[in-house]
Amino acid sequence: VPNNPKSDMKLYCLSGHPTLPCNVLKFKSTTIMLDCGLDMTSTLNFLPLPLVQSPRLSNLPGWSLKDGSVFLDKELKECSGHVFVDSVPEFCLPETELIDLSTVDVILISNYHCMMALPYITEHTGFTGTVYATEPTVQIGRLLMEELVNFIERVPKAQSASLWKNKDVQRLLPSPLKDAVEVTTWRRCYTMQEVNSALSKIQLVGYSQKIELFGAVQVTPLSSGYALGSSNWIIQSHYEKVSYVSGSSLLTTHPQPMDQASLKNSDVLLLTGLTQIPTANPDGMVGEFCSNLALTVRNGGNVLVPCYPSGVIYDLLECLYQYIDSAGLSSIPFYFISPVANSSLEFSQIFAEWLCHNKQSKVYLPEPPFPHAELIQTNKLKHYPSIHGDFSNDFRQPCVVFTGHPSLRCGDVVHFMELWGKSSLNTVIFTEPDFSYLEALAPYQPLAMKCVYCPIDTRLNFIQVSKLLKEVQPLHVVCPEQYTQPPPAQSHRMDLMIDCQPPAMSYRRAEVLALPFKRRYEKIEIMPELADSLVPMEIKPGISLATVSAVLHTKDNKHILQPPPRPTQPTSSKKRKRVSEDVPDCKVLKPLLSGSIPVEQFVQTLEKHGFSDIKVEDTAKGHIVLLQEAETLIQLEEDSTHIICDNDETLRVRLRDLVLKFLQKF
Amino acid sequence: MPEIRVTPLGAGQDVGRSCILVSIAGKNVMLDCGMHMGYNDDRRFPDFSYITQSGRLTDFLDCVIISHFHLDHCGALPYFSEMVGYDGPIYMTHPTQAICPILLEDYRKIAVDKKGEANFFTSQMIKDCMKKVVAVHLHQTVQVDDELEIKAYYAGHVLGAAMFQIKVGSESVVYTGDYNMTPDRHLGAAWIDKCRPNLLITESTYATTIRDSKRCRERDFLKKVHETVERGGKVLIPVFALGRAQELCILLETFWERMNLKVPIYFSTGLTEKANHYYKLFITWTNQKIRKTFVQRNMFEFKHIKAFDRAFADNPGPMVVFATPGMLHAGQSLQIFRKWAGNEKNMVIMPGYCVQGTVGHKILSGQRKLEMEGRQVLEVKMQVEYMSFSAHADAKGIMQLVGQAEPESVLLVHGEAKKMEFLRQKIEQEFRVSCYMPANGETVTLPTSPSIPVGISLGLLKREMAQGLLPEAKKPRLLHGTLIMKDSSFRLVSSEQALKELGLTEHQLRFTCRVHLQDTRKEQETALRVYSHLKNTLKDHCVQHLPDGSVTVESILIQAAAHSEDPGTKVLLVSWTYQDEELGSFLTALLKNGLPQAPS
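Going line by line, the protein sequences match chains A and B.
Counting along the first sequence from 1, when you hit position 182 you're at 182 in UniProt numbering, and nothing is skipped either side.
Counting along the second sequence from 1, when you hit position 263 you're at 263 in UniProt numbering, and nothing is skipped either side.
Don't take each hint at face value.
[What the hints assert, rightly or not] Using 25 Å as the maximum straight-line C-alpha spacing, the simulated PhoX-like pairs for lysine-lysine come out as follows:
(1) B/Lys194 <-> A/Lys558
(2) A/Lys523 <-> A/Lys665
(3) A/Lys523 <-> B/Lys369
[As the list claims (entries may be wrong)] These stretches of chain A come out as covered by chain B in the derived footprint (C-beta under 8 Å, 3 or more residues):
(4) 11-18
(5) 34-44
(6) 103-112
(7) 191-200
(8) 229-235
Because the hints were derived from the structure by calculation, they are not lab data.
Note that beta-carbon positions come from the ideal geometry of N, C-alpha and C, so glycine has one too.
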């Protein structure tokens, strides 16, 4: 798409990750950031942070260049043919240079996974605006951030590697380090203080709440069905509508169902956050998860489930609640280990209004909406802030452990990988789709433990997307470039891409798109006194017109039309003004005229008004009406009338008004 | 003339059976549907025949809104929807939707089972009625239909209590329900934005009261409870299951904790225990502090307060019991009262308002010999205390809310006429807005003058705004355009665009006036004289002398010609279009006066 300078809407694309978006929309004098996703796949290039001293990890050999130079051996370690950075893990931030982020007026957050970069933006770019998010998004987002900070700060690491980032060095490194992008912008994790400060800038909103931005634009969150409090956003003015779809789901899990109807009639629909595993069916995956779990435990092995502390885990626990007894697992302990495990389980029970109908009606009984309350009450599920403390006393095997981080680079999961990796009785089951499980496992190789990949991604797949687009019919679709072609590994699967007409516009990181969008109208209020003075006239059946002469007032991006001021009465007693002051203001416009004048009726009208001695002559284009006595001549043509007379103002005005009676004013 | 009409069917100059009809921009909304605690006859419900005499409720009403779960705001709902017959939507918040049917069922049981009333609504009717409920979130804009929208604000009176904004186009009404402007131990304060409604309908229970500080009342309450149990007495606190019960429980719980007291506290089982569950699950509706700390310590999980068993009432030694109902008119609270009333060491604390006829009302008005059923006389020797803990805004709070919302007018309901009168004057004085206080069945009509939203073409708007920025724009500039009205879409465009859109061509109206001048010189010289005259006179206009000898003023053309008969006269042909009418007319008049003598 050519960069159209006349476009009234621009999109600055700050993230290339399709499910962790960060875009800035400039529209009608507002600058709106849509989501603040943090790409954490960068951490896969780092060595895991062990909670307990791990001889295996600390004894990994340093990596040296093929030519034998060994200056990088302190920073890079080798494990089973893969090279890892031995440093505090770092994250890939959204672009901070493409647009001056201090000019961002508001940030709209769609779900708790898409706000993880918030502290980097709100605390380090001069941002002074407001962030809007729903209450569950903020509370659970806080938990995710708290867990992440805790995981990283719990294992202080003196070393911060930076030599490898040198461009000349990086290109000599083996893949995937060699191909890692934007490594100089990678940053270490924020602190809890920064998290708190960032979260204090959030204003809570509810679904279908209309939020006015500077009187120019209205934004509204809609339920997106993906997670507790997850939203899509409508950004609209009176005549334009942009839908921002991010992380939506049509599956019936715990959140409130997706509001699709409100997305209808958008000029532009920005589509992000589709499923990362378009070929996997979430229901099938849950089934596989349960059967693999049962199989392992029955054989006396342990099951490790690397996971986030909120989200799919609620659904998995609910499945297990129904499954445990029938599968004969009632004696097997389930452990949920996270610094925020307790908070997450508690919070899940208090957001009744954000849950699907089934869960909502439970609250009316009143019962907790999620059955994990019962699992906890019956001691089948136990939760701990970490492996230290009470857990070590209660720990019984075989067992099932849910813990983070799903990247396997930090958190308690590192400990269990080290502990259970050597036995083929144990199984690690990957359910979170954010990280490639093979890459996640790489620093633990060689492994004897079984690895099962059951990614559960409930977000929209391409079939659902094309159905959705047909239903809501946006004029234009904009999406990350990844969605406009089949996945690289399945290049023949033409069904695994967005198919719509006109074809979707695609974006990639650091691009600026001019959206095909021309604003034509703006809302203006006609004050009642002015409205009363208007004289509508039916021009065609169903269409009426009224000419408007009014005074325009504009304040706070709102426009108002008021009646023109009354003409001040000329004060005759005062001394005669100078001529120039009486010169009429040529800016008082007369309306345009339209219509034509039928000559016979016109002559009749003239006669009725006392004109006599009227003569009519035909011309090529019309007629000439002669008022012989008054030495006046009126040329009548289809689209024009010309009155030629002596300088007799009274006569001229009389004739003018008679002519105007035949014409419509605009 | 558009107008807003308000008719209270209940709560007009009265407390009880709140029910207010509002008509706004052709939409009819019913606010609350309550019962009256003071009546057992027809008067206990609002008089719906006001509507039904001219048709069905469903046809007349666009929606019903319930502000909170108290029976004087929702008690008539099943009667209204199932017995009179209403099938439209009923809006309320989630907590109200959860708790309302329980209180209705409780109310039904007392009326039917205890008092043996016939022709009352049934349990099934409560269920059917609740099926018509649509739950709303705080601040969510609910589109009732294409034009009517409603929005809930936090009211802080009880769990889930809300104020509602009702809006059609640019006209709006806000109904407060019952609200509290100061946060208490379990709820936050009511809040509304500067939404500038045409009308604010506010409760006025405490219209003339400025309440002392809550802290004082709390200290007083704790002191009385503490003293009584210290001297070995029993304390009975009759409460309604939801609302004050939780606040007082939290108060006693924290006091017991702090003072390390061991005296048992009980609350009557069933409803109250269940009620605490609602508070736990709807904790996002409580105050900031409780919400913040609920993971560590859920304020509604009481350590010191245990479930009550009726056998406990005979236990020796001190204890504190919360029992329902709150007005001592039936049930467990009355049973316990009868057991304990004879002992002067004991105390009963009434934390809320009691309706006439109830035991609560009798003892509060000083009666110490009560006639019970079976002609028994109960002598009350225990101490009787009254303490107002009901969460209504006081006069200060009401004024504060009016200040927050900035309404164009105010209407008072849910209060006593005398007190309302006082508040009405105060509001009119302070805010310079009219304030109404209609009685039940009386209609207040407010004319409104809504502005009309139209779409202005951006080209026209930008052109005007750019010119508005010019320095000479001191005089109010007139925007000129054409309003095209097609179906319900109104668009304001430039006249040229309007013509073009309608496929019409412009009709040009032109005038040419002959002005006769005495001038013997040649036409070219006459033209030159005209030019210099106009140039000198019209400083603000563009006057030009063209090569062909003609003169222009803006787009007005002036040509000089010889007179066909008189060589001493020249004829000026002044020609202009209708759009230049004023200037053209002015010029001919000016030229008619002749030219100044040429400087020699």
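Compare the structure with the hints numbered earlier in the document and write down the numbers of the violated ones, lowest to highest.
3, 4, 5, 6, 7, 8
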